[in-house]
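Undergrad: So the chains spell out like this:
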Amino acid sequence: EDQVTQSPEALRLQEGESSSLNCSYTVSGLRGLFWYRQDPGKGPEFLFTLYSAGEEKEKERLKATLTKKESFLHITAPKPEDSATYLCAVQAAKETSGSRLTFGEGTQLTVNP
Amino acid sequence: EPEVTQTPSHQVTQMGQEVILRCVPISNHLYFYWYRQILGQKVEFLVSFYNNEISEKSEIFDDQFSVERPDGSNFTLKIRSTKLEDSAMYFCASSYLSGGPNSPLHFGNGTRLTVT
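Taken in order, these protein sequences are the chains called V and E.
Going by the numbering used here, the residue at position 22 of the first sequence is 22; the numbering climbs one at a time, nothing skipped.
To convert a position in the second sequence, counted from 1, into the numbering used here, add 1000.
Possibly wrong hints are sitting among the right ones.
[Claimed, not checked] Cross-link-like lysine-lysine pairs, in silico, BS3-like; alpha carbons within 27 Å at most: (1) V/K59 with V/K42; (2) V/K79 with E/K1042; (3) V/K63 with E/K1078; (4) V/K69 with E/K1083.
[As the list claims (entries may be wrong)] Computed footprint of chain E on chain V, listed as stretches where at least three residues anywhere in the stretch have a Cβ under 8 Å from a Cβ of chain E: (5) 31-40; (6) 73-79.
It is worth saying that the hints were derived from the structure and are not from the lab.
What you are looking at is a predicted structure, and each value in this text was computed from that prediction instead of being measured.
Glycine included, C-beta positions come from ideal geometry on N, C-alpha and C.
Please model the entire structure based on the sequences and the hints provided.
TA: See the structure below:
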């Protein structure tokens, strides 16, 4: 069974204070690892897809990295508008579950001005 | 930028009633999904749909649930006889391919279903 564990559950930062969120996963053959941002009362908003170990993707103050067991979302000099819940999800390369995403619980990030 | 739209944003129903949640996926996408998120819990997969048939469903998606693409633009989720435990946020999503590194899922903003 595919599993995703995110840590920490909640993170409070001061504006400009860089940090990292962790996503540990177990999956039988990784087709893709996805990072989403979710604001309260909204749907998940796509940020990044990572596929192979060593891959990195960047978008503004966010950088996602991937190893064979975990992914990190690095937030550099965050701003209050980066406050949201960040979700990690994996998709397995299986014939019967080619499209299912398995999500973690998320990390609730709060950035104080 | 194209987006997935869902209606209604909030639906209140009584236990035992039927509800239909509606979605308009992104127009050139071929794969359609329903996920749900019970308050305070993780987002869970319900069903995926491609070429007018279900391609995968989870253990949650029992006989009380059904999906349909009644025309070229809408995608619906029907719950035949709602239970209290069906109260959740239901998200529709779509993708051009069946996911993978070059075809992420794009989600709508959800329908909050409250069963009383």
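Undergrad: Hint by hint, note whether the structure agrees.
TA: Quick rundown of the hints versus the structure:
1. Under the criterion of a C-alpha separation no larger than 27 Å, the hint pairing V/K59 with V/K42 is consistent with the structure, at around 21 Å.
2. Distance restraint check for V/K79 and E/K1042: the Cα-Cα separation of roughly 25 Å lies within the 27 Å cut-off, and the hinted pair is therefore satisfied.
3. A C-alpha spacing of about 39 Å is found between V/K63 and E/K1078, which places the hinted pair above 27 Å, so the restraint is violated.
4. Distance hint between V/K69 and E/K1083 is unfulfilled; the C-alpha atoms sit about 38 Å from each other, more than 27 Å.
5. Counting residues of the segment 31-40 of chain V whose beta carbon lies closer than 8 Å to any beta carbon of chain E gives 4, which meets the minimum of three for the stated coverage.
6. Counting residues of the segment 73-79 of chain V whose CB lies closer than 8 Å to any CB of chain E gives 0, which falls below the minimum of 3, so the coverage claim is violated.
The structure fails hints 3, 4 and 6 (numbered hints given earlier, in ascending order).
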